[in-house]
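Put chain B on the given structure of chain A with help from the hints.
These protein sequences, in sequence, are chains A and B.
Here the first sequence is numbered in the working numbering, starting from 1 and rising by one per residue.
Here the second sequence is numbered in the working numbering, starting from 1 and rising by one per residue.
None of these hints come from the bench; they were simulated from the model.
What you are looking at is a predicted structure, and each value in this text was computed from that prediction instead of being measured.
One or more of the hints may lead you astray.
[What the hints assert, rightly or not] Selected chain A positions facing chain B (in silico; Cβ < 10 Å):
1. Arg-113
2. Thr-140
3. Thr-148
[As the list claims (entries may be wrong)] Chain A is faced by these chain B residues, among others (derived, beta-carbon under 8 Å):
4. Ile-13
5. Pro-14
6. Gly-42
[What the hints assert, rightly or not] BS3-like cross-link-like pairs, simulated, lysine-lysine; straight-line CA separation at most 27 Å:
7. B:Lys-155 <-> A:Lys-185
8. B:Lys-40 <-> A:Lys-120
9. A:Lys-120 <-> B:Lys-155
10. B:Lys-28 <-> B:Lys-40
11. A:Lys-120 <-> A:Lys-185
12. A:Lys-127 <-> B:Lys-155
Glycine residues also receive a C-beta, built at the ideal position from the N, C-alpha and C atoms.
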Amino acid sequence: MVNWIWLGMIVVSVAYGAANGRIQQVTEAAFSGAQTGVTVCFGLISIMVFWLGMMRIAEASGLVGALSRAVAPVVRWLFPDVPRNHPAFGFILSNMSANLLGLGNAATPMGIRAMQELQKLNPDPSKATPAMCTLLALNTASITLVPTTLIAVRMNFGSAHPADIISSTLLATIVSTGAAILADKWYRRRSGRLPPVTIGPAQTETKGG
Amino acid sequence: MLSFLHALSAWAIPMLVVAIPLYAAFRKVPVYETFVDGAKDGFQTAIGIIPHLVGMMTAIGMFRASGALDALVDLVRPFFERLGVPGDVLPLGLLRPITGAGSLAFTTDLIKEHGPDSMIARIASTIQGSTDTTLYVLTVYFGAIGIRRTGYALKVGLFSDAVGFFAAIAVCLLLF
Chain A
1 MVNWIWLGMI
11 VVSVAYGAAN
21 GRIQQVTEAA
31 FSGAQTGVTV
41 CFGLISIMVF
51 WLGMMRIAEA
61 SGLVGALSRA
71 VAPVVRWLFP
81 DVPRNHPAFG
91 FILSNMSANL
101 LGLGNAATPM
111 GIRAMQELQK
121 LNPDPSKATP
131 AMCTLLALNT
141 ASITLVPTTL
151 IAVRMNFGSA
161 HPADIISSTL
171 LATIVSTGAA
181 ILADKWYRRR
191 SGRLPPVTIG
201 PAQTETKGG
Chain B
1 MLSFLHALSA
11 WAIPMLVVAI
21 PLYAAFRKVP
31 VYETFVDGAK
41 DGFQTAIGII
51 PHLVGMMTAI
61 GMFRASGALD
71 ALVDLVRPFF
81 ERLGVPGDVL
91 PLGLLRPITG
101 AGSLAFTTDL
111 IKEHGPDSMI
121 ARIASTIQGS
131 TDTTLYVLTV
141 YFGAIGIRRT
151 GYALKVGLFS
161 DAVGFFAAIA
171 VCLLLF
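This is chain A alone, in the form it adopts within the complex (with noise of 0.2 Å):
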């Protein structure tokens, strides 16, 4: 499916920039849409590496497996497939929790860490599996109690309750992320429905003839 988005973003913006008369916009943004790839990079390299740092000492000294037994029950239903007390459950927590107080800093390291962690666990390494897939659901919902990037634009411009957003964004948040997590798990049963792979005995049973 991103393969044809991507595609197909490109093919209309030139299609489309050429019948107006834009196409040298069009030359310019690829350029500098390429640009701001790899400026956002940069300005991860330092957050990533201060949070993975971090996150070494907390496993090293036993917090993340702490987390994990302690959220696994809850965690667990969200993710099936994940092995009992597997440290991705302690990263995915600190994402949620990094995610909930608005740390979108501090959110994205944890969240790929628990993506590495998840990883592991991939039969193939160039394929999400369904845990990675929830995860990523839970994070592109992103579940937020205070949205203060918001906040601070409705102050500069002189609201008089410029917090008021707070209730509606955990209601539409709350509404979004119940979404995702429907829809994950829908996906996943369907998933779960195709015939299974048989291992064993059943193979060599065709093989015989």
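Positioned in the frame of chain A, the structure of chain B alone reads:
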């Protein structure tokens, strides 16, 4: 309640930064060496995201610059207005999953134009605040571990964005 939440956000990071090494030192972990050891991976991980993010940002930049995004918005606008969705916030529904900076700029513009306490501004702020940028999150998280086939993740992300968009509008119309 609000000031408590703000304080929680402000104190969470300093508390973590002091509590984690302190606990580790108590458990006899060589904290500085361990920090450096883990931090080493940060550089590689961030650099590994570059090709993914450059690819995505290029396509998004072209799409916006060509005017195709605006045209798409105009195309679906009448349909959404019939559903009771204010036309002005509609572009946000399309922008939000694609570009975080772009949709924030658009939201800021709406707040400036309609006043921060208008219904449009509240709806836009709620949409902007209640979800994250799906394409960006997908690119960064999967890029960091080298996932190329994304499974059903994008479909779920876009579905929850759509649900969140309508939920934000409905919630605002009911609450304010």
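Sort out which numbered hints this structure fails and list those numbers smallest first.
-> 5
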